Amino acid sequence: KLFTGIGYDDPIKIAETAEGLDIPKDAKILDLVCGTGLVGVALKDKGYVNIEGIDASPHMLEEAKKKDIYTSLDEMFLGSPDTFPEKYRGQYDLVTAGGAFARGHLGPELIDEMVLSLKPGGYAIFIIREFQ
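Residue numbers (the numbering used here): 3 to 134.
Certain hints may be false.
Subject to a maximum C-alpha distance of 27 Å in a straight line, what follows is the list of computed DSSO-like cross-link-like pairs (lysine-lysine) [said to hold, decoys possible]:
no.: 1; residue 1: K27; residue 2: K15
no.: 2; residue 1: K27; residue 2: K48
no.: 3; residue 1: K121; residue 2: K30
no.: 4; residue 1: K15; residue 2: K46
no.: 5; residue 1: K121; residue 2: K48
no.: 6; residue 1: K68; residue 2: K30
no.: 7; residue 1: K15; residue 2: K67
no.: 8; residue 1: K69; residue 2: K30
no.: 9; residue 1: K121; residue 2: K46
no.: 10; residue 1: K89; residue 2: K69
no.: 11; residue 1: K46; residue 2: K27
no.: 12; residue 1: K89; residue 2: K67
no.: 13; residue 1: K27; residue 2: K121
no.: 14; residue 1: K89; residue 2: K30
no.: 15; residue 1: K46; residue 2: K89
no.: 16; residue 1: K15; residue 2: K68
no.: 17; residue 1: K69; residue 2: K46
no.: 18; residue 1: K68; residue 2: K27
no.: 19; residue 1: K15; residue 2: K69
no.: 20; residue 1: K89; residue 2: K121
no.: 21; residue 1: K68; residue 2: K48
no.: 22; residue 1: K27; residue 2: K89
no.: 23; residue 1: K48; residue 2: K67
no.: 24; residue 1: K121; residue 2: K15
no.: 25; residue 1: K48; residue 2: K30
no.: 26; residue 1: K48; residue 2: K15
no.: 27; residue 1: K27; residue 2: K67
Treat the hints as calculated values from the structure; they're not laboratory data.
Remember, it's a predicted structure, so these values are computed and weren't measured experimentally.
Working from the sequences, and respecting the hints, build out all of it.
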């Protein structure tokens, strides 16, 4: 609610998009750059239950863990598709990235990791923010 009050509704947009695509509620979901878990909260509010998260910040992951939404949370730097772990490849029905594509964050390499994570026929939902 705090972030939507200042115009940050990306997690809600991601969850609504997933719902609009008729992605099953038990779909295997990977939330890349999950931060404090805002996308996970929005997905859970829509009934999704099988959500994993990855973020580079242990502090952010601690906050995400407190929400008790994610089935697993892993600390990892992203943006290097060549070294993206095998255990994530081809495993997910949906891959999300809420706040990843913004000035000072990750570049287009993350899209490669999103695609690598997807099962055939899976979906990637991400938002690119433009800051002036």
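Status of the hints after comparison with the structure:
1. K27 <-> K15: Answer holds: K27 to K15 is near 16 Å, not above 27 Å.
2. K27 <-> K48: holds, 8 Å
3. K121 <-> K30: Cα-Cα ~10 Å, so holds.
4. K15 <-> K46: holds, 13 Å
5. K121 <-> K48: holds, 22 Å
6. K68 <-> K30: Distance of about 21 Å is within 27 Å: holds.
7. K15 <-> K67: This hinted pair holds, its Cα atoms lying about 22 Å apart.
8. K69 <-> K30: holds, 18 Å
9. K121 <-> K46: Answer holds: K121 to K46 is near 21 Å, not above 27 Å.
10. K89 <-> K69: Holds. K89 to K69 sits at ~24 Å (cutoff 27 Å).
11. K46 <-> K27: Given that 27 Å is the threshold and the Cα spacing comes to 9 Å, the pair holds.
12. K89 <-> K67: Cα-Cα ~21 Å, so holds.
13. K27 <-> K121: Since the Cα atoms of K27 and K121 sit roughly 16 Å apart, the hinted pair holds (cutoff 27 Å).
14. K89 <-> K30: holds, 14 Å
15. K46 <-> K89: Holds. K46 to K89 sits at ~24 Å (cutoff 27 Å).
16. K15 <-> K68: Given pair K15, K68 holds - Cα atoms ~23 Å apart, limit 27 Å.
17. K69 <-> K46: holds, 10 Å
18. K68 <-> K27: holds, 22 Å
19. K15 <-> K69: holds, 19 Å
20. K89 <-> K121: holds, 12 Å
21. K68 <-> K48: It holds: about 19 Å lies between the C-alpha atoms, which stays within 27 Å.
22. K27 <-> K89: holds, 22 Å
23. K48 <-> K67: holds, 19 Å
24. K121 <-> K15: Distance ~22 Å between K121 and K15 Cα, so the pair holds.
25. K48 <-> K30: Satisfied, since the Cα-Cα distance of roughly 14 Å is no more than 27 Å.
26. K48 <-> K15: holds, 11 Å
27. K27 <-> K67: Between K27 and K67 the Cα gap is close to 21 Å, so the pair holds against 27 Å.
Checked against the numbered hints above, the structure breaks none of them.
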